[in-house]
Every structure is written in C-alpha cells, then in structure tokens.
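Chains as they are written, first to last, in this note's numbering: chain A, 1 to 183; chain B, 1 to 550.
Please keep in mind that the hints were generated in silico from the structure rather than gathered at the bench. Watch out, some of these pointers could steer you wrong.
[As the list claims (entries may be wrong)] From the structure, some residues in chain B lie toward chain A, with a derived Cβ separation under 8 Å:
| no. | residue |
| --- | --- |
| 1 | THR32 |
| 2 | ASP56 |
| 3 | VAL148 |
| 4 | GLY164 |
| 5 | VAL178 |
| 6 | LEU185 |
| 7 | ALA207 |
| 8 | ARG209 |
| 9 | PRO237 |
| 10 | TRP241 |
| 11 | ASP244 |
| 12 | ASP306 |
[Unchecked claim] Every beta carbon over 12 Å from chain B, so not counted as near; a handful from chain A, in silico:
| no. | residue |
| --- | --- |
| 13 | ILE47 |
| 14 | GLU65 |
| 15 | PRO69 |
[What the hints assert, rightly or not] From chain B, some residues computed to sit far from chain A (all C-beta separations above 10 Å):
| no. | residue |
| --- | --- |
| 16 | LEU52 |
| 17 | ASP73 |
| 18 | ILE170 |
| 19 | ALA172 |
| 20 | GLY173 |
| 21 | ALA192 |
| 22 | ALA196 |
| 23 | ASP305 |
| 24 | LYS375 |
| 25 | PHE385 |
| 26 | SER437 |
| 27 | GLY532 |
| 28 | ARG537 |
A quick note: this is a predicted structure, and the numbers were derived from the prediction, not measured. Positions of the beta carbon are idealized from the N, C-alpha and C atoms, including for glycine.
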Amino acid sequence: MTPNIVLCLLVGVLFACGVYLLLARSLSRSLLGILLLTNGVSILFLIASGPAGRAPIIGVNAPEEMSDPLPQAMVLTAIVITLGLTAFILAMAHRSWQLARSDNVEDDLEDVRIAQRAVDNDMSDSEFRKRDRTDGDGAVRNGADGDGADGDGAVRDGAVGDGAVHDGEPVAATHTRSEEVDR
Amino acid sequence: MTWTPEFLVPLPVVLALVGAGITIAVGRHTRTQRTVSVVTLALVLTVSLALLISVDTVGHPLAVQVGGWPAPDGITLVVDRLSALMLVVSATVTLGVLLYSIGQGRASADSDEGDGGAPLPIFHPTMLVLSAGVSNAFIAGDLFNLYVGFEVLLAASFVLLTLGGTAERIRAGVSYVVVSLIASLIFLSAVAMIYAATGTVNLAQLATRLDDLPDSTTLVLQLMLLLGFCVKAAVFPLSGWLPDSYPTAPAPVTAVFAGLLTKVGVYSIIRTQTLLFPGDRLTDLLLWAALATMLVGILGAVAQDDIKRMLSFTLISHIGYMLFGIALSSAAGLSAAIFYVAHHITIQTTLFLVAGLIERRGGSTSLSQLGGLVKVAPVLSILFFIPAMNLAGIPPFSGFLGKVGLMQAGAEDGGWLPYTLIAGSVLTSLLTLYAISRVWGRAFWRDPAAQLRADPSQGHVIEAAARPVSRVGGPIGNPEAATDGSREGHVEVDTAHLPLGMMVPAAALVTVGMAITIIAGPLFGVTDRAAGELRERTPYVEAVFPDGVP
C-alpha cells in the first residue's frame with residue numbers, strides 16, 4: 001500500500017492546528033481544535049483504506065476496482081458521533097456564557113485552595129500545630145474556614161466554654177478560642 | 001434454531017437501550033419510569049449472571065456475529081469470563097445506584113434539590129444508556145465497536161455530569177468533556193493506524209496479524225492504544241482530570257462514574273495487553289506508571305479536606321494496584337488484577353454513595369464542617385466504616401485479599417522492580433488507612449466529650465475539645481445540634497433521619513462488598529480461569545473463528 005503524500009501532510013497540518021487551538025483557555029477555541037482533530041482522524045481513515053477506487057456497490061463495479069468500504073463506514077460513524085458531541089459542547093459553551101459571561105475554562109477553586117494551604121504550610125490540620133500558632137494567625141484562619149459564619153461560631157464557643165468550666169483545665173483554651181473568634 | 005447461551009450475549013446492551021427508549025417515552029410519569037428502569041437493570045443483572053455461569057461451565061468464550069455477517073466483516077460480540085464478570089459487577093452497582101437515586105428522588109421530591117431525582121425526566125434514560133455503553137465496551141469483539149461503546153458511555157456521562165447546568169458543574173464538565181474527547185481521538189487514531197497496518201479491526205484477527213508486523217510498528221500501535229486507555233483509566237500522569245470533575249456531580253452520578261468509567265479503561269487495557277500485545281515488552285513502563293499512580297494518588301488524597309475529593313484521589317491511587325497486576329502479565333498477576341477490579345468497583349461506588357448520605361445528614365462533605373456523626377447517625381457510621389476499612393485493605397475484607405494476591409504475584413516475578421512495587425503498595429495501603437481514619441476521626445469521631453475520654457494525652461485534648469465547636473458552625477447545619485435541644489436553631493430538621501430508600505441500597509452494596517470477601521475463594525477460581533484464558537489467547541480466537549483465522 002502506498003499512501004497519498006498530500007493526505008498525509010493534510011493530516012499532520014490538521015493535527016498540529018487542532019492541538020494548538022486546544023491549548024487555548026477559551027472553550028470555543030478548544031471546540032474548533034477538537035473539530036480539526038476529528039477531521040484529521042477521518043482523513044487518517046481514508047489513508048488507511050488505501051488508494052481510491054470506484055464505489056463499492058456489487059453489480060455496478062468490479063470488486064477489484066472498488067475502494068475499501070469498511071473505513072468509510074467507520075468514518076461515517078465517527079462523524080455522526082462527533083456531530084452529537086459538538087452540539088453538546090456548543091450547548092455547554094452557551095451555558096457557560098449565560099452563567100459567567102465568559103467561555104474560559106476556569107480553575108478548580110478547591111484545588112487552588114488546597115494548594116494555597118500548602119504554600120501557607122498548613123497541610124496537617126493537626127492539633128499540635130494549632131498550639132504553636134499565634135492568636136492573630138488563628139483568628140485569620142477561622143475567618144477563612146468558617147464561611148462567614150464567625151458570629152455563629154463565637155456564640156457556640158461561649159456556650160461550650162461555660163460547659164467546660166467544670167473540667168477546670170480546658171477553660172483557658174476554650175476561652176482563648178472564643179476570644180480569637182470574637183476579634 | 002435451538003437455544004444456546006449465545007443468545008444472551010447481546011442482551012445486556014439491547015435490554016438497556018430498549019429500557020432507555022421506554023423511559024424517555026414515559027418521561028412524565030415518574031413512577032412508571034422508575035419501575036421500567038429498575039426492571040430493566042434487574043433483567044440485565046440476571047442475564048449477566050446467566051452469562052457468567054454459562055461461560056464458566058461451557059469453558060470457552062461465547063461469540064455472536066451481529067446480523068449473521070461472518071466474523072472479519074461484521075460486528076463481533078464476545079463474552080469470555082473476564083467480560084462476564086465485569087458485566088455482573090457493573091450491573092450490580094448500577095442497579096444499586098439507581099435504587100439509591102430513586103430513594104433520594106423520593107425523599108427530596110418536595111424540595112428543590114433534584115439531585116438525580118424525580119424532577120429530571122432525563123436521568124433514568126441517561127443512566128440506562130450509560131449502562132448500555134459500559135456493557136457494549138465489555139462485550140465488544142472489535143476495536144471499533146469498543147470505540148462506539150466508549151462514545152456511548154461518554155455521551156451519557158457528559159449529560160449526567162452537567163445535570164442541572166449549574167455554574168460549578170459546567171466548569172467541571174468542560175474539562176471532563178475536553179479531556180475525554182481527546183482521549184477518544186487518540187484511541188480512534190490508533191484504530192485507523194491499526195487498520196492501515198493490518199486491514200482489520202477484529203480483535204481475534206488482530207491477535208494473529210499483529211504478530212507479523214515489524215516490532216517498531218507494533219510498539220507504536222500499542223503505545224497509542226495504551227495512551228488513550230490510560231487517560232480513561234486515570235493512570236498517573238494522565239489522571240488530573242478526575243478529581244477536578246467527579247466531586248461536583250450528584251452523589252449517585254459520582255458513584256456510578258467512580259465505579260464504572262475508569263474500570264472500562266482498565267478492562268480495555270487488560271484486553272488489548274493480553275490479546276493483542278502479549279509479552280512483557282512494556283512491563284517496566286507499566287510498573288513505573290503503577291507505582292506513580294499509587295503514590296501520587298494517595299498523597300493527593302491525604303491532603304484533601306472534602307470527602308468526595310478524597311475518595312476521587314483514592315480512586316486514582318487504587319487504579320495503580322490494577323495496573324500493577326496487568327503489568328506483571330503473569331497468570332497470578334492478571335487474576336489478582338481482575339479480582340481487584342471487581343472488588344474496587346463495588347467498594348468505591350459504595351463509598352461515594354455513603355458520602356452522599358453524609359452530605360445529606362451533615363449538610364456538607366467538608367471535613368472542616370463535619371463532626372460527631374458517630375453519635376447522631378450510628379448506622380451511617382457503620383455503612384462508612386466497613387467499606388472504608390475494606391478499601392484500606394484491613395485483613396478480613398476483600399481489599400486485603402486482592403492486595404495479597406497482587407503482592408504474591410509480584411514476589412513470584414521476583415525482580416527488584418516488582419519488589420519496589422510491593423513496598424509501594426504496602427505504603428499506599430497504609431496511607432489509604434491514614435486518609436480514611438482522618439475522615440473517620442474528623443467527621444465521625446470528633447465529638448468533644450468522646451475526644452476527652454478517648455485521648456489520654458491532655459495536651460491537645462483541650463484544643464480538640466475546643467475546635468469542633470468553633471468550626472462546625474455555619475449556614476449548612478450542624479449534625480451535633482440535632483441531639484441537643486438548646487441548639488435547635490442551627491439544624492435542618494428534615495435531615496435528622498436519612499430516608500430508608502437511600503440507606504437500604506447503600507447497605508445492600510456494603511453487603512455485596514462483604515459478600516465478595518465470603519465468596520473470595522470461588523471468585524478467585526473464576527479470575528484464575530479468566531487469567532488463564534486471557535494468557536492462552538487461543539480460546540478467544542477460536543470462539544470467533546471456529547474454522548480458523550482467515
């Protein structure tokens with residue numbers, strides 16, 4: 001089998017352009033990239049089917065003149081699938097535009113938050129580290145974690161503080177804690 | 001025409017698709033829709049069980065030529081022991097998840113939650129289409145049909161992941177969709193190149209024809225296929241998309257994704273590595289990938305604050321175990337890998353369902369906002385504890401048996417790299433236990449009073465006693481408060497009792513997970529025979545071409 005050099009080059013160009021577009025943040029550019037890649041793959045199937053021949057219909061053309069029908073069937077299937085998925089991506093891009101007025105692919109917020117904790121050297125959550133922390137530090141953390149419900153937390157802290165009085169020792173800790181929050 | 005077990009082969013796909021059509025037609029009648037989808041999946045499960053039993057007793061794979069077109073031209077469907085086992089496990093968990101989501105839908109029918117529940121008539125048909133796609137991938141006898149199976153399940157998963165179209169789900173959906181499509185395109189290019197090289201996409205025919213190709217060509221084709229499948233299976237350098245997208249979906253959706261979608265990738269790796277590219281050419285590469293997947297995945301899990309994200313990372317990490325077994329490519333390794341796949345599908349799905357229950361009970365899955373669940377929801381705690389210990393591989397459970405099987409296989413192989421992998425898998429197992437006990441300690445055990453009793457060292461007890469109360473508060477509702485009349489103002493009262501419709505399916509899956517332990521002996525028998533069949537290759541080829549390969 002001798003592949004057609006023009007088709008091979010075309011596949012290369014389509015793949016290169018597709019990959020380049022996929023690197024963009026905008027969803028519509030990524031979609032165009034995916035479309036180019038799909039077309040590249042379709043042409044790859046055409047190369048796979050060998051030299052072009054006559055239509056593979058029994059009784060119209062002689063079998064030795066026919067082109068291979070199997071890759072054509074596969075390409076058709078792939079085109080139909082891509083059509084459906086493209087429609088879905090367009091709908092998603094539209095929805096993204098409706099919601100955020102942009103179709104950029106956003107970062108994962110939770111991931112960013114956890115990475116930020118790593119930068120702050122605050123990964124452990126352990127009780128040991130909490131003790132070393134200064135009051136001011138603790139207050140900041142509480143504000144960040146409490147989702148704006150600090151007032152709520154402070155009230156409850158008070159309640160537990162009262163309960164803890166009987167135990168003697170815990171009192172100091174709990175009270176420090178509620179003071180932090182109050183600040 | 002007499003009855004043969006071959007008649008059962010296409011049924012898992014056909015039944016699910018017919019069921020999907022009916023559920024769309026009756027879309028507005030929620031009750032009918034639920035009945036149809038449950039009956040459909042129960043039938044699929046029955047058929048899959050019958051397939052597993054008949055394929056194991058007949059002793060050779062069952063092959064069907066769709067439409068009567070003979071093998072290399074038509075579409076071939078093949079069920080061997082591996083496919084049949086996968087079908088049974090996937091049908092079981094899909095049925096469990098569907099029942100759970102029905103329970104959830106009924107419980108929240110009056111509220112506006114709508115998570116995979118009644119208000120969306122699209123949910124049930126999509127789940128059935130997803131099931132059909134997964135089954136199609138398992139029974140596909142040619143590469144292109146495998147691709148079609150992937151696309152069917154991906155299209156369904158796109159819809160499920162972006163259900164409701166909220167900003168967060170669209171954001172997560174975009175990266176998932178783009179990554180999945182790229183993986184599919186790599187796979188499709190590989191199919192085109194394989195067709196160009198061999199002139200066929202039929203797996204059985206490829207098994208003989210690929211041997212005649214030059215070694216370098218085969219290597220390129222093998223790597224292309226592996227690349228596509230590894231993205232889908234979330235093997236380490238290609239796994240970044242998973243924890244980004246899974247946790248945002250509704251609990252039942254995440255559960256079924258976690259259980260099935262990555263495992264379809266693992267199944268495809270097993271199938272192509274054994275049937276098309278036997279030998280140990282890529283053993284070292286796969287072993288390194290397995291090690292990195294295990295360790296990087298579990299280190300990610302340890303850092304997470306959210307239970308669903310933590311579970312997503314353990315999911316990635318434990319894909320490494322399966323890859324370990326596949327890479328060894330010995331009979332023992334493959335057998336243990338298949339056992340591990342069956343175990344892990346069940347356990348991971350159960351854990352995500354339980355995470356959904358935790359979210360419902362505690363109002364959140366964030367560890368910084370949960371606490372004291374063991375007191376207010378003891379049954380839920382048991383439901384979490386058993387599969388969690390199972391995942392970590394604590395001795396009586398199937399996770400332990402699977403891991404031991406893998407380690408034995410690694411030790412049999414005997415090189416320094418397999419021994420490194422054994423050390424890595426022990427470490428991963430311990431770190432999984434750490435991640436799990438972190439969840440247990442914070443979400444379930446973090447009760448001030450209990451902490452005081454349990455912890456002998458006074459020093460940080462004080463802090464522990466003080467912390468939960470100051471952090472647990474918040475708009476979402478505090479589970480502890482449910483037991484305490486004086487704090488009633490902070491509670492969502494209707495979450496006090498978990499709906500039975502959600503508890504029972506979750507409990508049933510927990511039981512299935514424990515049952516795997518009990519039937520581990522016979523199951524290992526099946527996986528041993530499956531692995532033997534995979535390594536021999538001839539049974540598969542002879543089932544498709546009884547009169548010799550053309």
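How the hints compare with the structure:
1. Hint status for THR32/B: violated, given a least beta-carbon distance of 27 Å to chain A, over 8 Å.
2. Of the supplied interface hints, the one on ASP56/B is violated, with its beta-carbon coming no nearer than about 33 Å to a beta-carbon of chain A, more than 8 Å.
3. Proximity of VAL148/B to chain A holds as hinted, the smallest CB-CB distance being about 7 Å (cut-off 8 Å).
4. Annotation: interface hint on GLY164/B violated; nearest CB of chain A at approximately 10 Å, more than 8 Å.
5. Evaluation of the VAL178/B hint against chain A yields a held restraint, the C-beta minimum of about 5 Å falling below 8 Å.
6. At about 5 Å, the closest approach between the beta carbon of LEU185/B and any beta carbon in chain A falls short of 8 Å, and the interface hint on this residue holds.
7. Taken as an interface hint, ALA207/B does not check out: its beta carbon lies about 18 Å from the nearest beta carbon of chain A, beyond 8 Å.
8. Hint status for ARG209/B relative to chain A: violated, with the closest Cβ pair at about 14 Å, above 8 Å.
9. With a cut of 8 Å, the hint placing PRO237/B at the interface with chain A is violated, because the nearest CB-to-CB distance is about 17 Å.
10. With its C-beta approaching chain A no nearer than about 10 Å, TRP241/B sits outside the 8 Å limit, and its interface hint is violated.
11. The closest approach between the C-beta of ASP244/B and any C-beta of chain A is roughly 5 Å, which is under the 8 Å cut-off, so the hint is satisfied.
12. Hint on ASP306/B holds. Least Cβ distance to chain A is approximately 6 Å, under the 8 Å limit.
13. Distance check for ILE47/A against chain B: the nearest CB is about 6 Å away, which does not clear 12 Å, and the non-interface claim fails.
14. Look at GLU65/A: its CB is around 18 Å from the nearest CB on chain B, clear of 12 Å, so calling it non-interface holds up.
15. For PRO69/A, the shortest C-beta to C-beta distance to chain B comes to about 10 Å, within the 12 Å cut-off, and the non-interface label is violated.
16. With a least beta-carbon separation of about 30 Å from chain A, LEU52/B lies farther than 10 Å from that chain, consistent with its non-interface assignment.
17. For ASP73/B, the requirement that its beta carbon stay farther than 10 Å from each beta carbon of chain A is not met, with the minimum near 8 Å.
18. Non-interface status of ILE170/B relative to chain A is broken: a Cβ of that chain comes within 10 Å, the nearest being about 5 Å off.
19. Not every Cβ of chain A is farther than 10 Å from the Cβ of ALA172/B; the closest lies at roughly 8 Å, contradicting the non-interface assignment.
20. The beta carbon of GLY173/B sits about 6 Å from the closest Cβ of chain A, which is not more than 10 Å, so the claim that it is off the interface is violated.
21. Residue-level check failed: ALA192/B sits 4 Å from the nearest beta carbon of chain A, not beyond 10 Å.
22. Residue-level check failed: ALA196/B sits 4 Å from the nearest beta carbon of chain A, not beyond 10 Å.
23. The beta carbon of ASP305/B sits about 7 Å from the closest Cβ of chain A, which is not more than 10 Å, so the claim that it is off the interface is violated.
24. Every C-beta of chain A lies more than 10 Å from that of LYS375/B, the closest at about 16 Å, which supports listing it as non-interface.
25. For PHE385/B, the condition that its CB be more than 10 Å from all CB atoms of chain A holds, with the nearest at approximately 21 Å.
26. Listed as outside the interface, SER437/B is consistent with that label: its C-beta sits roughly 13 Å from the nearest C-beta of chain A, beyond the 10 Å cut-off.
27. No beta-carbon of chain A comes within 10 Å of the beta-carbon of GLY532/B; the shortest separation is about 33 Å.
28. Every Cβ of chain A is farther than 10 Å from the Cβ of ARG537/B; the closest lies at roughly 24 Å, confirming the non-interface assignment.
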